[in-house]
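**Student:** Residue-level listing of the chains:
Protein chains: 2
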Amino acid sequence: MALSGSKMYMDLEKARELCTGILVCSGVPEADASTVVDNLIQGDLRGLGSHGISRLYAYTERIKDGYTNAKPDIRVVNESPATLLIDGDNGLGAVIGTKAMDLCIEKAKISGMASCAVRNGNHYGIAAYYAMKALPHDMIGIALTNAASTMAPWGSITPYFGTNPFCFAIPAEKRRPIVLDCATSVVARGKIILAGIENKSIPEGWAIDKSGRPTTNTSDALKGSVLPFGGYKGSGIAMVIDILCAMLSGATFGTHVGDFYNNSQKMQNLGFYFSAISIKSFLSPADFKAGIDQMIDEIKGSEKAYGVEEIFVPGEIEFNNEAVNRKRGIEIGPGVLKDLNTLRQRYGININPEDYVKEG
Amino acid sequence: MALSGSKMYMDLEKARELCTGILVCSGVPEADASTVVDNLIQGDLRGLGSHGISRLYAYTERIKDGYTNAKPDIRVVNESPATLLIDGDNGLGAVIGTKAMDLCIEKAKISGMASCAVRNGNHYGIAAYYAMKALPHDMIGIALTNAASTMAPWGSITPYFGTNPFCFAIPAEKRRPIVLDCATSVVARGKIILAGIENKSIPEGWAIDKSGRPTTNTSDALKGSVLPFGGYKGSGIAMVIDILCAMLSGATFGTHVGDFYNNSQKMQNLGFYFSAISIKSFLSPADFKAGIDQMIDEIKGSEKAYGVEEIFVPGEIEFNNEAVNRKRGIEIGPGVLKDLNTLRQRYGININPEDYVKEG
Chain A
250 MALSGSKMYM DLEKARELCT GILVCSGVPE ADASTVVDNL IQGDLRGLGS HGISRLYAYT
310 ERIKDGYTNA KPDIRVVNES PATLLIDGDN GLGAVIGTKA MDLCIEKAKI SGMASCAVRN
370 GNHYGIAAYY AMKALPHDMI GIALTNAAST MAPWGSITPY FGTNPFCFAI PAEKRRPIVL
430 DCATSVVARG KIILAGIENK SIPEGWAIDK SGRPTTNTSD ALKGSVLPFG GYKGSGIAMV
490 IDILCAMLSG ATFGTHVGDF YNNSQKMQNL GFYFSAISIK SFLSPADFKA GIDQMIDEIK
550 GSEKAYGVEE IFVPGEIEFN NEAVNRKRGI EIGPGVLKDL NTLRQRYGIN INPEDYVKEG
Chain B
250 MALSGSKMYM DLEKARELCT GILVCSGVPE ADASTVVDNL IQGDLRGLGS HGISRLYAYT
310 ERIKDGYTNA KPDIRVVNES PATLLIDGDN GLGAVIGTKA MDLCIEKAKI SGMASCAVRN
370 GNHYGIAAYY AMKALPHDMI GIALTNAAST MAPWGSITPY FGTNPFCFAI PAEKRRPIVL
430 DCATSVVARG KIILAGIENK SIPEGWAIDK SGRPTTNTSD ALKGSVLPFG GYKGSGIAMV
490 IDILCAMLSG ATFGTHVGDF YNNSQKMQNL GFYFSAISIK SFLSPADFKA GIDQMIDEIK
550 GSEKAYGVEE IFVPGEIEFN NEAVNRKRGI EIGPGVLKDL NTLRQRYGIN INPEDYVKEG
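Protein sequences appear in the order of chains A and B.
Residues 250 to 609 in the numbering used here are what the first sequence lists, from first letter to last.
Residues 250 to 609 in the numbering used here are what the second sequence lists, from first letter to last.
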C-alpha cells in the first residue's frame, strides 16, 4: 500500500483489462464494457479522476440492483435529415452516448450537420469523450448532459439544475484540438466532497448553505447548493442545457432527475444532446484548421497577466495530463483500489490491482 | 428639452418613422431600412438602449463613408441539407442577419434543424432579434456574433476576443419564451462607457487596466480590457463563439475584426452563426412547451435567496421592459436626440424628434 502522502498510479492496460472484466462479469456485453472502460480511463488520463474508474463501483451496483440496464435496446425513436431522437433504454451512459454520437456524425456526413437528443440515459463520464469523436471527421463536436439536481438557479437557494456540463471539441492542424469541457457550476461538486475528506475549507463563492448564506464549510455546502459559474449567465446556460437535453428528448429535468449515488432506487433518466458540424459543408477544413492554429498561436503569444507562466487554451491542460498519465499510469486512491479489489474478488477475476500499482 | 435628472421618452411609431426615413435617405432600400429600425427599436423596447437607435448615427456615418454597403448583394455561397454559408457583402448587420435566420428556419422545416454561418457582416444589434424569429415556428433559435476585440483571454492582459454575445430563444405555452441573451464579458463594455460619462467608478472584477491590474477607473478600464464572465469558462465560450462565427464562415476573428466606432476606415467583416431547431422533429411541441411552462413555474416558485423579491428566468426582465416601453415610448438621451436632429436636418426630413419626446 501507499506510504502516507505519496500517490499511487496503476498500469493503464491492466486497469483497462480488470475494469472490462468486472463489467463483463456484471452482465455487460464485452464490446459495451470496453466502451465504458475506455470512457472512464479517458477521464483518468485527462486528469479528471472524479469521472474515471472511481465510478465503476457505482455502475456495477446500479446494474446489480436493477437500476441500470446491462443489455439495453437502444432505439432511434424519431429522425429527420439532421436530427435524431434516441431512447437509451436505461443503459450505461457511455454505451448510449457512443452510439448516439456515432449516428449523429453519420447524419452530419450527409446533411452537413446533425443533432441528437437522448432520453433514458445514465451518467456518461466525461463529455469530451463524445464531442471529440467528431474530430477525426473534420467536424466540430458538441456534447451536453443534464445531471441530478445540486445547483440553485440564480436568485434561489434550492437546488434545481444539475451541474449540467457542456463540451465543444474543435479540430486544429499542427496544434492540438480545442476541447472546452466545463460544468456550469463554479466548480464540480466532487471538489467540495474531496475538500471535505481532506478537512479543508472551500473558497467563498463556490456554494451556499441550506439557508442560502455563502459558506466555506464543506458539510454545509453539500447540504446546501453549489452556485452557477458567472452568476445569472451560468444559471441561464444550465437552464438551456437542461432544456436541450431533457425537454427535447422527454427525459427528466430539474429536481425530477434521479440521483446517481443517494437515490439509486430511482432510474436516472438523464437526457443528452449531441451535435456534429461538418466543416467542409461551410468551407475548406484545411483553411479552417490553419485558422485555429493561428488563433491558438496568437492567444498563447499574447501578453501574460501578472503571475501567469503560460496561457492555456481550452483542453490544453488535459492533453498535457494525458501525455504524462499514459506513461506514468493513472492515479488511483486507496478507496478506489479497495473498490476494485472488492469487485475482482466478487467475480473471481485473477488480476490483483495492488500488483499493478506503483507509488510516485 | 429635458429637465436635469428627468428622463425623456420618444413616441414609438414616430421614432420608427423618423429612423426609417433617415436610413432610406442614406440609400438603404425601404424594406431593409424598416428591418434595421425594427431591430434597433426592439433593443430599446427590451431596455438595451446601447443596442437601440443610439446606433443609427454610426450606421449612417459608415454608409456615407463607404464602409458599410447600403445595397448589399447577400448570397448563399455554400449549402447542404442542414447548413448554409452566407456572404453578407458588407451590408447592415440586421439586413444580413434577418435574411440568414429566415433561410435557416426554412431549412430546419425540411431537415429538422439547420445552421448558418455568415461572413462580411456588420454590427447586428440585439442577438435576441434573430433567435426569437424561430419561436413562432415552434423552433429553438440560436444567434451568435463575434465583435471587435476588447476582451483579454483568461491569463492574458491584451484584448483579443470581442464581447461575443450569445442568445438562445425557447418557446413556452402559457409563459413567455425563455430568451437568454448575454455578452461573454462580465458586463457589456457600454456600461463602462456610460459609467465614465456619469463620472462613476466601476466595481472590481469588470475590467483590468493596460498593465493587467484590476481597476475601478473607467478611463483605465477602457484603455485596458474587459474581463470574461465566469473566468476561464467564459473566456472559452468567447473563443468557441469566435470560431463558430468567423472560422466556419471565413470572417475575421480576434484582433483582426474591424472596430465599429474607432476604426471606421476598416470593414468590420464580422461573422454570425445561427441555428434553428425544429421541436417537432424530436417530439410534440405541445408537450415540450408544457414542460417549459412547468420548469418556469418550478424555478419561479422555488425558495428565494435573502433579499431577492422575485426569481426571474432568462428574458423575463426584458419582456417586462418591453411591456412598459410599448406604452411609455422608448427612452432617449440628449445625445441621441441631438444625433437624430442632425440627421433629419441633413436629409430634410419633416419630423422634429423633439416634438415627440415627453419627460417622465
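Quick caveat, the hints were computed from the structure, so don't treat them as lab data.
A couple of the hints might just be wrong.
Some chain B residues judged to face chain A by a derived CB distance under 10 angstroms, without partners named [what the hints assert, rightly or not]: (1) His386; (2) Ile389; (3) Tyr409; (4) Phe410; (5) Ser484; (6) Met496; (7) Glu552; (8) Gly597; (9) Asn599; (10) Ile600.
Glycine is no exception: its CB is placed at the ideal position from the N, C-alpha and C atoms.
**Student:** Does B:Met496 hold up as a contact with chain A if the rule is Cβ-Cβ below 10 angstroms?
**Tutor:** With a minimum Cβ separation of about 5 angstroms from chain A (threshold 10 angstroms), the hint on B:Met496 holds.
**Student:** So, B:His386 near chain A? Judge it on the closest CB pair being under 10 angstroms.
**Tutor:** 14 angstroms, violated
**Student:** Quick check on B:Gly597 please, does its C-beta sit within 10 angstroms of some C-beta on chain A?
**Tutor:** For B:Gly597, the interface hint is violated, since the closest Cβ of chain A sits about 45 angstroms away, which is over 10 angstroms.
**Student:** Given B:Glu552 was flagged as interface, is its beta-carbon under 10 angstroms from a beta-carbon of chain A?
**Tutor:** This interface hint holds because 5 angstroms falls under the 10 angstroms limit.
**Student:** Using Cβ atoms only, decide whether B:Ile600 comes closer than 10 angstroms to chain A, and label the hint accordingly.
**Tutor:** 39 angstroms, violated
**Student:** Given B:Ser484 as an interface hint, is the shortest Cβ-Cβ distance to chain A below 10 angstroms?
**Tutor:** 8 angstroms, holds
**Student:** Hint validation: B:Ile389 versus chain A, beta carbon distance must be below 10 angstroms. Holds or violated?
**Tutor:** 8 angstroms, holds
**Student:** Quick check on B:Asn599 please, does its C-beta sit within 10 angstroms of some C-beta on chain A?
**Tutor:** 44 angstroms, violated
**Student:** Do the numbers back the hint for B:Phe410, that is, is its least Cβ distance to chain A under 10 angstroms?
**Tutor:** Check passed: Cβ of B:Phe410 comes within 9 angstroms of chain A, closer than 10 angstroms.
**Student:** Taking the closest Cβ pair, is B:Tyr409 under 10 angstroms from chain A?
**Tutor:** Where the cut-off is 10 angstroms and the nearest Cβ of chain A is about 6 angstroms from B:Tyr409, the hint holds.
In this structure, the earlier hints numbered 1, 8, 9, 10 are contradicted, and the remaining ones agree with it.
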